[in-house]
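Chains as they are written, first to last, in the working numbering: chain W, 214 to 430; chain R, 27 to 636.
In case anyone wonders, no lab produced these hints; they're calculated from the structure. Some hints could be false.
Said to hold, decoys possible - Cut-off 27 Å, straight-line C-alpha distance, at most; resulting in silico cross-link-like pairs (DSS-like, lysine-lysine):
#1 R:LYS367 with W:LYS248
#2 R:LYS40 with W:LYS389
#3 R:LYS40 with W:LYS386
#4 R:LYS44 with R:LYS227
#5 R:LYS582 with R:LYS174
#6 R:LYS220 with W:LYS389
#7 W:LYS338 with R:LYS40
#8 W:LYS386 with R:LYS220
#9 R:LYS367 with W:LYS338
#10 W:LYS242 with R:LYS344
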Amino acid sequence: MLEKIILLLCCSCAVAQHLCTPDASDGYKVRLSIKTALEGQAYEWNENEMFLFRATLAFAMRNHIREQKFEVSNIIVCNETPRVSFWFVVTSPESTSVLIGKEDVEEAVRKSRNRINSAFLLTDKTLEFIGILPTLAAPVDPDTPPWLIVFGVVMGIVGAGIILLLVSSVVQKKRKNEMTDDEENCEETRVKTVENGSVGEGVYNMSFSDDERFTQM
Amino acid sequence: MGQTKDSGSEERPKWDNKAQYLLTCIGFAVGLGNVWRFPYLCQIYGGGAFLIPYLIALVFEGLPLLYLELAIGQRLRMGSIGVWNSITPLLGGLGIASSIVSFLVSIFYNTILAWVLWYFFHSFQNPLPWSQCPLNDNLTGYNVECEKSTPVNYFWYRETLNITPDIETSGSLQWWMVICLASAWCVVYICFIKGIESMGKAVYVTATFPYLVLTIFLIRAITLPGATDGLVYLFTPDWETLKNPQVWLDAATQIFFSLSVAFGGLIAFSSYNAERNNCERDALLVGIINSATSLYASIPIFSILGFKATTGYNACLKENIMSLTNYFEISDQNITVENYKQWFDHLNETFPDKVFSLNLRECDLQTFLDQSASGTGLAFVVFTEAVIEMPGSQVWAILFFVMLFSLGLSSMFGNIEGVLTPINDLKLVPKCIPNELVTAILCLISFLVALVFTLGSGNYWVEVFNSYVGSVPLLIIAFFEIIAVIYIRGMKTFSEDIYFMTGRRPNIFWKACWMVISPVMLLVVLVAYVIIQAQTHPTYHTWNPDYERFPQTQVKPYPDWVFAIILLLCVVPVISIPLVAFYKLICRVRNSSSRANLNPYCNGGFQADT
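So that you can see chain W by itself, here it is in the shape it has in the complex:
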């Protein structure tokens, strides 16, 4: 009895291993670059990490094909290299000799890519599924482009400054005009009084007037 069970297990293992080969038609190659991503905090790649990978992938398959309950044993891994790269295939939970098709596996991985990445603290570039392209992030499109906001602020300040300076120079000019008007009025009355006091006719000679304005020279 015991021998039969052992034989069956070995057979199934052999069958399973037989399913997973490099360049398998339904398999994918995975490549991890842990040291590149994490540098000082890089973890060792060992059996436990491999177990986590298989578990995460089973989770991804469950999320995609909801009717079937994938187990860790359904994810078969082979051809591990020191690079940390390996091939994997996914077998169906109902029958271990049937592989899940490439497209389904790809869909599953695509859907849960973020979760798979975070389980390993890696990114799309450092945890590569060869053949499955990462979906490009949709560009963030704000309603108003930020540059217009900065432009608005700068132009607002400049425009306000222009108006302020123009208004202040107009006000200054008005004040100056009022002051010179007052001065001219004063001068005219003074000139008139002198003219009234002059003896005869003649051209009035300004140089000898008492007006203190000219002493500025």
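Chain R: place on chain W using the hints.
Chain R alone, transformed into the frame defined by chain W:
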């Protein structure tokens, strides 16, 4: 004595203090060329060796011209047209030529400032918009044009300029460029609104801020990896280049354009000075500070370029490392940048054909360092790419573009002054129109003309203006300036002027330069320049996505009508010199013939004066 207040001449505006005047002159001289032209020339002409022709040109050509302009403006206390008119009416055309050149230069120069503003507005985003390619229309991949070239190039040529494949295709007005241009002119207007009162205050900021930013960049840049490679590359002297006459020509033209003489702006600035001001010391200060700034600016620029080259080299190596690691399934990070050479040699020995099949890129630091650029290419392509790699990119980008803007703005002040002061001096506008309105009208007209540069082909036109307006006409004007002051006004009178202003006569060095060395140098430079330009049909680089060797720029010759415009741009400013001389000669001949008909008994001395 008459009524002084009504004598007709208002009091001339003057500087609040000496510092304002010096800062304005320094700001005018120190411009974008100090940052993006001088380091490039230093690099291509054998680094430290270029300093020799540069310093010789400064001492024998730059400083004498500078001193001459500052002295004559301060003595005669008028803008450029007034000064030349009073030396001799025959050369009144010199001032008009200066004004026209100032106007044309200010138009395209402010367009460059509009581009700087555009980049400044875009530096407030994370990530910076020129760091990644945009997606294509159906969101499946990146934009094709961007993929083939680089995101930085794409942002500059497509999203900023939206450039057409050649100068004949004009394209349409780019609205975003129009509003940036409008804001640039508004900033110029607000600084000029009260003449030199407002400009003098603005210059405290615009002339000093670039030095602050350059120092910050210097400190940051020399701590970047690869900075020393860049500096070594820049300053390693290659004495062989001194044998090439092109180097001497470029040094002379660089000094000449860098000091901004012959624009009329310096004459205008010094005309607002007190009468007895030591203009010799001012000229020496401005000239030396200008050259020192060029040198000072080239250190952070080249540190950053060295950093960029090192980053590019490392990226190239990392690409190769990734290919090797993936192909040979070697453990991650076993091959590093440091031991790449040993690994590569080892793998090449054991599996040569496999390594060959990988098509690894040839990575050479020298090739990356050789990717030099000057002008807008340096600021908007090379530097922006370097800034992406620096931590805290937004801060560095903002600082850099604000620095460029203040450098350009302080030079714009000189250009606008070269146009406004003659208008005010010649009393071309009636008194009732206030100065603010005249400035506004000038800014508006310049803005409207500059709309040409916001078309799709605008960048090509800026290149045309840059190469041809700001070169030959200035050399001709400067040559006539020296002749006018030294030979027509006379060396003796000019020495007396300087004695009156500074208290001592110019020494033998200045006299020798003014009378012989500088005019000869100018003439040689002018003739050589014209000959070299005339030898080849002028060509230009175009950004053509349909070119087979895109992203390389396609070189095309200028079409004939553009060539005609180029000739016009060179000739129109200087044609006023002979035209006005001719016109004044005819007037003089007519006057002398009409004077001969006066009554010999008519004694004008006892006529009743009004």
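Here's how the hints hold up against the structure:
At roughly 20 Å between alpha-carbon atoms, LYS367 (chain R) and LYS248 (chain W) fall within 27 Å of each other, so this suggested pair holds. Between LYS40 (chain R) and LYS389 (chain W) the alpha-carbon distance is near 20 Å, which keeps this suggested pair within the 27 Å criterion. Taking the CA atoms of LYS40 (chain R) and LYS386 (chain W), the gap is near 19 Å; set against the 27 Å cutoff, the hint holds. Restraint check for LYS44 (chain R) and LYS227 (chain R): satisfied, since their Cα atoms lie roughly 12 Å apart, inside the 27 Å limit.
This hinted pair checks out: LYS582 (chain R) and LYS174 (chain R) have alpha carbons roughly 21 Å apart, not beyond 27 Å. For a cut-off of 27 Å, the pair hint linking LYS220 (chain R) to LYS389 (chain W) stands: about 16 Å separates their Cα positions. For the suggested pair LYS338 (chain W) and LYS40 (chain R), the alpha carbons sit about 65 Å apart, so the restraint of at most 27 Å is broken. With a C-alpha separation of about 13 Å, the suggested pairing of LYS386 (chain W) with LYS220 (chain R) holds against the 27 Å cut-off.
A C-alpha spacing of about 25 Å is found between LYS367 (chain R) and LYS338 (chain W), which places the hinted pair at or below 27 Å, so the restraint holds. A threshold of 27 Å between alpha carbons decides the hint, and for LYS242 (chain W) with LYS344 (chain R) the separation of about 22 Å falls inside it, so the pair holds.
Comparing the model with each earlier hint shows a violation of hint 7 alone; every other hint is respected.
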